[in-house]
Structures are given as structure tokens and as C-alpha cells.
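Line order of the protein sequences matches chains A and B. Residues in the first sequence are numbered from 0 upward in steps of one, following numbering that gives the first Met the number 0. Residues in the second sequence are numbered from 0 upward in steps of one, following numbering that gives the first Met the number 0.
Keep in mind the hints are simulated off the structure, nothing from the lab. Even for Gly, the Cβ is constructed at its ideal location relative to N, Cα and C. Possibly wrong hints are sitting among the right ones.
As the list claims (entries may be wrong) - Pairs of lysine-lysine, DSSO-like flavour, derived with a Cα cap of 27 Å:
| id | chain 1 | residue 1 | chain 2 | residue 2 |
| --- | --- | --- | --- | --- |
| 1 | A | 21 | B | 37 |
| 2 | A | 127 | B | 57 |
| 3 | A | 61 | B | 57 |
| 4 | B | 37 | B | 57 |
| 5 | B | 5 | A | 127 |
What the hints assert, rightly or not - Covered by chain B, according to a simulated footprint, are these stretches of chain A (three or more residues, beta-carbon under 8 Å):
| id | region |
| --- | --- |
| 6 | 14-21 |
| 7 | 42-56 |
| 8 | 116-122 |
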Amino acid sequence: MADSADIIRVTPDPLDVAALMKAVRTSGTGALASFVGVVRDEDQGRRVHHLVYEAYPPMADKELARIAGEMRERWRLTGVALTHRTGRLEIGEASVAIVVAAAHRREALEACAFAIESIKKTVPIWKKEFRDEAEEWIIGDPSRP
Amino acid sequence: MRIAVKLFASYRELLGEDELEMELDEGATVGDALDLLKRTYPALAEQGYSPLTACNLKHVSKRHFLQEGDELAIFPPVSGG
């Protein structure tokens, strides 16, 4: 189970990793690990103008909460924030922001890496690339979540 | 039985709908629902990948049995992050 203090959010609003760090830190936190995914201006040599992210919000929230719960089962954590942006994102904007708080660095770093890998595998969110010549939905790894 | 179908990303654009209703026989599976959709929308079968499916907000396989009132979501492999 995710802790009730965990931050789980799928939102059209800009992500703020500094605010998340402040929100998840408790007096028992000795390590804050974060991951921020940002929009890049190229994909496989092709120039990207912007991205649009679409989500299935109730299920995305549920999957993020499930991942937070699994993180808490596997590592001793003091705080978790899993957030993903939707809508149109420009180059350099954050699409995903994760913060993991723990007493020590190893738990925080491992759980943070697990979080982004899990999000990319199972959370129902899709990105559409807008390039010079075309727009295209990016299809993820088709192996079953 | 009647179920609600939600479509996302490439499937939403392909069918030109984000939501529809389907009438299925009792005992129908997710795979049966997809087969019926492909007959109605032949473009679905021409996708280079097969859809993932979720029932009532949980990932399910094509063998999952549907029930009256279920919400079946159809979407491409996820690509968030």
C-alpha cells in the first residue's frame, strides 16, 4: 500500500521537483533522490518541436499508487512523490518528476530508479511527438505490463 | 451484456471516438470484444502492434472475462516518462 502521505499526481500543470522535495522530506529523512524526465529536441536523429502527453487519469493514479506501494514494500522509505505531466510540453519542460526520501542514500537511489522504470512500463500514459514532417504516437515496449 | 469502451492515444484517433458502448454475449472475453471492434473498424486490424487492455482500471489479458457494466480500456503500449 502507498502511504497516505505519498504524493501521486497526474496533472496538466508544470511539475516542480523542488516543491516535491520539500513536501516529502520528514525529520527522519537523510537522503532525497530525484529523477526528472525532460522533453528533448530530437528522437532518433529527427527534430522534435514539442510533445503531447495523454493519460487515462483514474488508472494512471491507481498504477502510480501501486508502484509507490511496491517501493515501500521493497525499501524502507520516509517519503515518495510520483508525478507525471499531461498535455502539451515544450522542449526542456519536465514530463515526469519523482522524489524518494529515505534515511539513507542506497534505499532512496534504488527506489527512485525502480520508480521510473516501473512508470515507463505500466502507467497508462502516452506521448505524441510533433516533428518537422510528421506527428506520431510513440509506441512503448509491447511486452505485457 | 453491455460494456463501456474507452479508447486512448492512437486508438482514439483511429476510431475517431474516445468512448463507445458495446453489446456482447454473456461469457465474452476481452479478446471477443477486440474481434468485434476489428470487424466494425477494419483499420484496427492494420495497426502494426496489438493493443493493451485494462478492465475497470486494471491491466488484463485478452482472456479476461467481461461482465455487464465493465469499463474496458483499449490503448497502445504505454510510452510515458
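Okay, the hints, checked on the actual structure:
no.: 1; hint: A:21 to B:37; verdict: violated (49 Å)
no.: 2; hint: A:127 to B:57; verdict: holds (23 Å)
no.: 3; hint: A:61 to B:57; verdict: holds (9 Å)
no.: 4; hint: B:37 to B:57; verdict: holds (22 Å)
no.: 5; hint: B:5 to A:127; verdict: holds (18 Å)
no.: 6; hint: 14-21; verdict: violated (count 0)
no.: 7; hint: 42-56; verdict: holds (count 4)
no.: 8; hint: 116-122; verdict: holds (count 5)
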